[in-house]
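Undergrad: This is what each chain is made of:
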Amino acid sequence: MKFSCTTKDIAAAVGAASKVVNAHTTVPILSNVLLQGESEKIAVRATDLELTLEHAFPAQVAEGGSVTIPAKLFASYLGNLAAGTLELTGTPTRASVKYERSNYDFHALPADEYPPLPAAARGSQFGIAGRRFRDGIEATIFAASSEEARGAVLMGTLLEVEGKSLTMVATDGYRLAKFATTIEDEVSANEKFIVPSRALAEVARNLGGGERIEVSALGAQSNQLRMTGGDVSITVRLVDGQYPNYQQVIPAKFDRSVTVSTPALIASLRRAELVAGDRASMVKLAIANQTLIVTASSDISGNAYEELEVEQSGEDLTIAFNARYLVEILNHIKGDKAVIEFLGPLSPAAIRPLEPLETGQQLYVLMPLRQ
Amino acid sequence: MNELRFDVVGAEGAKRFFGALTPQTLAHAYCFTGPSGVGKKTFARRLAQSLLCLAPHSGVLGYDGTCSSCALFRGENARHPDFLEHEGVLRIGERDAPAAFADGEALSARDLVRQLSMQSYSGGMRVLLLGDVEFATLHAANALLKFLEEPPAGVVMIVTTATPGRLLETIRSRVVEVRFPPLSNADVAEILRRMHYGDADAQLGASLSGGSVTRALAALEQEEESLRAAVVRWFFESVEGKSPQELWATRETLTEGLETIKMLVRDWIVAGGHDGVALMSVDHADRLRKLRPLGRREAAALLAKLDEAARLARTNVSPGLIGEFVRMALTSSR
Numbered sequence: 070m071k072f073s074c075t076t077k078d079i080a081a082a083v084g085a086a087s088k089v090v091n092a093h094t095t096v097p098i099l100s101n102v103l104l105q106g107e108s109e110k111i112a113v114r115a116t117d118l119e120l121t122l123e124h125a126f127p128a129q130v131a132e133g134g135s136v137t138i139p140a141k142l143f144a145s146y147l148g149n150l151a152a153g154t155l156e157l158t159g160t161p162t163r164a165s166v167k168y169e170r171s172n173y174d175f176h177a178l179p180a181d182e183y184p185p186l187p188a189a190a191r192g193s194q195f196g197i198a199g200r201r202f203r204d205g206i207e208a209t210i211f212a213a214s215s216e217e218a219r220g221a222v223l224m225g226t227l228l229e230v231e232g233k234s235l236t237m238v239a240t241d242g243y244r245l246a247k248f249a250t251t252i253e254d255e256v257s258a259n260e261k262f263i264v265p266s267r268a269l270a271e272v273a274r275n276l277g278g279g280e281r282i283e284v285s286a287l288g289a290q291s292n293q294l295r296m297t298g299g300d301v302s303i304t305v306r307l308v309d310g311q312y313p314n315y316q317q318v319i320p321a322k323f324d325r326s327v328t329v330s331t332p333a334l335i336a337s338l339r340r341a342e343l344v345a346g347d348r349a350s351m352v353k354l355a356i357a358n359q360t361l362i363v364t365a366s367s368d369i370s371g372n373a374y375e376e377l378e379v380e381q382s383g384e385d386l387t388i389a390f391n392a393r394y395l396v397e398i399l400n401h402i403k404g405d406k407a408v409i410e411f412l413g414p415l416s417p418a419a420i421r422p423l424e425p426l427e428t429g430q431q432l433y434v435l436m437p438l439r440q
Numbered sequence: 027m028n029e030l031r032f033d034v035v036g037a038e039g040a041k042r043f044f045g046a047l048t049p050q051t052l053a054h055a056y057c058f059t060g061p062s063g064v065g066k067k068t069f070a071r072r073l074a075q076s077l078l079c080l081a082p083h084s085g086v087l088g089y090d091g092t093c094s095s096c097a098l099f100r101g102e103n104a105r106h107p108d109f110l111e112h113e114g115v116l117r118i119g120e121r122d123a124p125a126a127f128a129d130g131e132a133l134s135a136r137d138l139v140r141q142l143s144m145q146s147y148s149g150g151m152r153v154l155l156l157g158d159v160e161f162a163t164l165h166a167a168n169a170l171l172k173f174l175e176e177p178p179a180g181v182v183m184i185v186t187t188a189t190p191g192r193l194l195e196t197i198r199s200r201v202v203e204v205r206f207p208p209l210s211n212a213d214v215a216e217i218l219r220r221m222h223y224g225d226a227d228a229q230l231g232a233s234l235s236g237g238s239v240t241r242a243l244a245a246l247e248q249e250e251e252s253l254r255a256a257v258v259r260w261f262f263e264s265v266e267g268k269s270p271q272e273l274w275a276t277r278e279t280l281t282e283g284l285e286t287i288k289m290l291v292r293d294w295i296v297a298g299g300h301d302g303v304a305l306m307s308v309d310h311a312d313r314l315r316k317l318r319p320l321g322r323r324e325a326a327a328l329l330a331k332l333d334e335a336a337r338l339a340r341t342n343v344s345p346g347l348i349g350e351f352v353r354m355a356l357t358s359s360r
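Line by line, the protein sequences are chains A and B. Taken in order, the first sequence gives residues 70 to 440; the numbers are from our numbering. Taken in order, the second sequence gives residues 27 to 360; the numbers are from our numbering.
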């Protein structure tokens with residue numbers, strides 16, 4: 070292959086892609102980035118076999134083809150070039166770079182030994198507004214489990230596509246986050262993908278600013294999910310398994326609710342949690358007479374008592390939660406007011422913003438603690 | 027379309043066994059057992075290549091060697107993303123270690139469980155090879171047991187071991203055992219020729235191999251030969267009741283040296299009255315035949331002590347002490 074391009078374009082693409090390379094890999098070719106040239110573009114790809122990042126940039130391609138170059142070395146070299154144009158010639162064993170009056174040869178490895186991505190699965194493709202997807206990711210992935218012992222399924226986030234709707238769900242078994250939004254294309258078959266949450270964080274970071282994100286499944290059994298925004302693609306290996314039936318966790322109806330100022334409740338919970346200490350950060354919420362009383366106590370620290378004015382509907386109730394979980398949920402509620410709905414002191418509570426977001430509907434479910 | 031091939035010398039039993047299977051009748055886990063150097067891991071790698079080959083298959087064995095999947099088995103720099111290989115001691119790994127694809131030495135039981143919980147990279151099967159597997163802890167073995175109890179679809183695990191008795195019974199009972207007997211001398215010679223040894227060296231290596239390519243290579247390589255020569259001298263001096271001047275047992279040489287002694291003891295037993303059974307150490311046949319024949323009980327006791335020495339070699343007992351333990355066993359059998 071042979072192409073010329075600006076140092077700025079290639080440095081940005083290789084620098085971004087090389088962040089995916091696993092420094093401890095025992096497979097030499099996975100330490101390299103793959104450069105593929107076609108028409109007027111060069112695509113840079115790096116993978117750790119769980120996450121594949123591709124960045125494309127414009128170039129004058131004199132001769133198509135592929136070359137693989139050690140990622141960290143090449144990224145560092147490019148990072149030290151001043152603005153200008155370079156010319157790269159690649160063979161299966163060598164990549165030669167001409168830049169102004171310098172000439173560098175990098176040892177390459179044969180591109181046909183670089184793991185190819187599987188072909189697109191039939192039918193599983195849709196587009197979504199970048200903002201909707203990014204909001205969905207931000208609203209959900211924090212609720213996924215971070216404990217390996219609970220299994221890879223709960224460490225992932227479920228993407229459920231049906232008709233023109235996309236539902237994203239994450240849970241660790243104690244709390245659940247759900248974000249329902251619409252997609253731009255109607256899919257013919259319903260699909261469920263369990264995506265590792267760390268990969269979705271990368272998507273939000275790299276693709277969230279784009280106008281539209283194309284999502285497509287790759288592989289015979291929809292083994293990988295590719296998300297493309299502009300010149301950047303992230304392909305992620307999906308989790309193998311059955312996601313729990315999350316609908317069962319969400320109570321079908323509630324008999325009481327409060328509407329509360331989100332920042333005020335967050336502040337109260339944070340203060341009360343200090344007193345609750347190590348007792349699972351347990352705080353009690355007592356609702357009566359349009360007032361929410363937040364209390365916490367521990368033998369070591371003492372007692373906490375705070376009153377908040379709320380809009381109450383339904384009977385009075387006292388319920389206990391893990392303050393840290395509740396604060397984390399409230400931190401993800403967009404808007405000043407949150408609605409908390411209850412069914413009883415031992416049933417899961419639902420939390421949602423009073424005013425739905427433009428980009429989708431947030432819903433959180435939190436398991437109460439036994440008092 | 028290219029013709030499928032399965033390029034493994036020997037292992038006719040295993041070839042027949044897998045040749046009769048289809049992807050639908052393939053089990054989720056196999057244990058290849060047999061002495062070291064008889065081709066268990068080579069067979070497993072070729073089986074993995076066959077299972078991942080993109081050429082149309084009706085059976086299980088065979089690959090075309092040219093598809094993009096086979097290309098990932100050819101080079102030393104590459105690895106098929108759906109073929110995980112680990113050799114030796116499997117550790118449990120760090121809890122909640124950063125998620126990243128791990129392979130080879132770096133692979134831990136926790137990585138393995140996590141990676142097997144992902145879907146296949148390329149859309150086909152996934153193959154896991156644990157070569158000469160040993161588990162650092164019971165937790166590491168239990169992580170594997172979890173896989174065996176609830177095997178994910180489309181995953182085939184192959185464990186190879188020369189000592190199946192050391193695997194947990196709960197693991198052994200959940201895998202299909204496939205035995206690999208020692209190779210014939212002709213097969214060993216053929217493998218050595220393919221490794222670019224000349225005909226004379228191939229024949230010599232095969233005659234010293236005892237059916238093991240590993241042993242043939244050790245006998246042929248100058249460095250290993252010097253260890254073998256040192257161990258042989260030490261053995262005869264010990265058996266003859268002399269105090270060996272040269273000590274050979276170090277952490278690096280212990281396992282290989284004990285194997286050499288075991289082979290010499292085997293030949294000592296055979297030379298003492300098992301007509302028709304070939305000696306493995308043909309280069310020391312005369313000297314072995316001159317030794318006093320060992321009685322059955324003496325032979326059994328000596329072999330038991332060598333097994334004990336091999337067990338100790340896997341612990342942190344000093345190699346020098348283990349060498350002395352073996353010397354005393356040999357001297358008392360004199």
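Read the hints as simulated data drawn from the structure, not as lab findings. No residue lacks a Cβ here, since even glycine has one placed at the ideal position from N, Cα and C. There may be inaccurate statements among the hints.
[Unchecked claim] Computed footprint of chain A on chain B; a stretch qualifies when at least three of its residues, placed anywhere within it, have a C-beta under 8 Å from a C-beta of chain A:
#, segment
1, 92–104
2, 332–342
[What the hints assert, rightly or not] Pulled from the structure, derived: some chain A residues nowhere near chain B, Cβ distances all over 10 Å:
#, residue
3, K71
4, Y168
5, P187
6, I252
7, V308
8, R325
Undergrad: Which hint numbers doesn't this structure obey?
TA: Violated: hints 2, 5, 7.
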